[in-house]
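Each chain, letter by letter, is given below.
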Amino acid sequence: MFSLVLKYEFAAWRRSYVRFLMVIGMVLLVGCIAVALRLPIVSDLAMILPVLAILALPVSQFVLVVVSYYRSLYGPRGYLAHTLPIPAGTLYAGKLVAAMTELVISAVLMLAAIVLTSVALDVAARNMPFSGLRQVLRIIASIPAIGRWIAGLGLMFLISFVANIVSIFFAISTGSEARWQGLGIGGPVLVYVLLYVATQLLTIVLMLALPLGLQIDMTPVVLAEARGVIAMPQLQIVTGNMLTAFWDALREPNPLVSTVGLGSFLSAPLTGVVCAWLTVRSIRWRTSLR
Amino acid sequence: MSMDDIIVRTAKLTKNYRGRPALNELDLELRNGRIIGLVGPNGSGKTTLLKILAGVLADYSGTAEVLGLRPGLETKAQVSYMPDCSYLEDRMTPNDALDLFADFYTDFDRRRAYEMLLAFRLEPTQRLRDMSKGMREKVQITLVMNRAARLYLLDEPISGVDPASRQLILDSILRSYSSESCLVISTHLIHDIEPALDEVVFLDRGRVRLAGNAEDLRAESGGSIDQLFRSLFQSEAAGLRELGATAERPGFISRR
Amino acid sequence: MTGSFDADRPIYQQLAHRFRERIVTGYWQPGERMASVRELALEYGVNPNTVQRALAELEREGLAIAERTSGRFITEDEQLLRTTKRQLAEEATREWAGRLRALGLDQAEGARLATAVWTDGHGQTKENNA
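Protein chains in written order, with my numbering: chain B, 1 to 290; chain E, 1 to 256; chain H, 1 to 130.
Quick caveat, the hints were computed from the structure, so don't treat them as lab data. Keep in mind that a hint or two might mislead.
[Said to hold, decoys possible] FRET-style restraints, in silico, Cβ to Cβ: (1) B:269 x E:129: 53 to 59 Å; (2) E:205 x B:189: 46 to 52 Å; (3) H:67 x E:16: 41 to 47 Å; (4) E:95 x B:89: 28 to 34 Å; (5) E:115 x B:89: 34 to 40 Å; (6) E:230 x H:9: 14 to 20 Å; (7) E:205 x H:22: 53 to 59 Å; (8) E:16 x H:25: 55 to 61 Å; (9) E:6 x H:99: 36 to 42 Å; (10) E:27 x B:155: 56 to 62 Å.
[Said to hold, decoys possible] So these bits of chain E aren't anywhere near chain B, every CB distance computed over 10 Å: (11) 63; (12) 72; (13) 86; (14) 89; (15) 91; (16) 118; (17) 180; (18) 207; (19) 227.
We treat Cβ as the ideally placed atom computed from N, Cα and C, and that holds for glycine.
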């Protein structure tokens, strides 16, 4: 059943998005060619096209994910989605996995667009293709312990990103329940705002309540800057009362060393799990189509 | 005749839309082996009732049961529901829609559905967004009527289509009839479907105004159901007191 | 749909009447196996239970005989077919006579008219509704 749901999610995605992707591809291509040709004035102006295409890829995909979740479940098409004998959890999981996959695809396409644009710039500067890109990669590779940083930041980004999509889905599903129905599209928006405020409060509470912190020491960054290279800050996990640490930092700010309560990192996965559960429950028992 | 099963049961079913009742303590029992006309003026609660039974409207009070269960996942596999809106994606073709139903419903007869599409003179590979409203309705009725469900809920299935297609729809309704299932058709075009009905439920402001076997109602009122409907709802003040006795009967009892 | 139905009489009675006409005119032959309820319902565009009710009427009259397993058959009782035909004819005549009487015609005028119309060949209307 899950794979069947995925199949139809991707079929709908293909039907609604591929044509738009082709338009973006054309814009990118025309822009890159114009840049590479080094025509007076035109080439400078044309640079806007690849930039637009690179930005449009993730943004349009994100909008599509949000809009199609709403329309397929709470617009007229919801009458189909909610009468098919699909368990609510399966339907939800299918939509979530499809959305994440589509967003990953758009991220990959965005990277490809960046590479293409950099090649166009290389050609325009009469350099070897990929030379600009190689230079950027060389700088990144020179940063000490960069692998771990990329992995850590990537994981954090991924978690907060999934949590974000989950909370948007939650806001749409909950905001479409009968009690918010009078507000129309305002229902989901209001629920999202309320959820956002609640999440922020939870983040602060968790940050201060958990006796674990992440000490961020900026000294290596400053030292490296003086030598004209790049380095990442030094991290260390510390224990202690985060509330007092917070007060100390307020009273005697240290420009180089700061401590962040580790609890704050729990907020996103926690709200994500709760929201996902509530969303499935909403789809299962509280759908009220207009 | 097979065993009498209660397919639909509601008790004190109530649904309010911002304070205005769409269903008002509705008591109803619908049994298998019957084609039932659900009639009533606009706003009498027909669509709301079908939505609740189909499981797309959860915010109600009172009891609603389909095959003894609260409408949900288990009942959806047994219910074939056609809403009064276009619920298929614009970019789909009838063929895509047939595939979808074949994938999700084990009781869907794809071959028979395809034949019905052709009988409706629909192009299986034309996109729905290039079709008229009536054509899209035909696609939906094709999907819904080619399942072997226990309960069919058709919300205004004939109002948007031409007379020739109405006949095809009626045929498909009669063809899908089985002694195991119950078919509910909401409509205000009673005249066209009257001979196909076993029983009629008149809804008025969220309550059953009058219900019974179609032949009996005709015999009692001395006219067609269509005429009965008009007299019930158009001349409220007219001397219809004698029908009041029937209307008082709780719920919906077949007198066969 | 095979014809529409009058609003003032139960459909099953009208249906039974049409079935009788088919039987006595031989459209359905004696001993012939009848179509299924579903087929008849589709042909006449009526509810299957209404067909069932009309058939029950025929069975009670002996015009149709239900066999437990093999279906429903038209009677081969020639005597019954004859009396039924006679009944239908009488019924139609009574109706006709009543209308003429309402128009103020007497029996002799009615009989003359009947003979004239019959020989014109206009008499054979609605013999069966097939």
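Consistency of the hints with the structure:
| no. | hint | verdict |
| --- | --- | --- |
| 1 | B:269 x E:129: 53 to 59 Å | violated, 41 Å |
| 2 | E:205 x B:189: 46 to 52 Å | violated, 34 Å |
| 3 | H:67 x E:16: 41 to 47 Å | violated, 56 Å |
| 4 | E:95 x B:89: 28 to 34 Å | holds, 30 Å |
| 5 | E:115 x B:89: 34 to 40 Å | holds, 36 Å |
| 6 | E:230 x H:9: 14 to 20 Å | holds, 19 Å |
| 7 | E:205 x H:22: 53 to 59 Å | violated, 46 Å |
| 8 | E:16 x H:25: 55 to 61 Å | holds, 59 Å |
| 9 | E:6 x H:99: 36 to 42 Å | violated, 49 Å |
| 10 | E:27 x B:155: 56 to 62 Å | holds, 57 Å |
| 11 | 63 | holds, 15 Å |
| 12 | 72 | violated, 7 Å |
| 13 | 86 | violated, 6 Å |
| 14 | 89 | violated, 6 Å |
| 15 | 91 | violated, 4 Å |
| 16 | 118 | holds, 23 Å |
| 17 | 180 | holds, 18 Å |
| 18 | 207 | holds, 21 Å |
| 19 | 227 | holds, 34 Å |
Hint compliance for this structure: hints 1, 2, 3, 7, 9, 12, 13, 14 and 15 are broken, all remaining hints hold.
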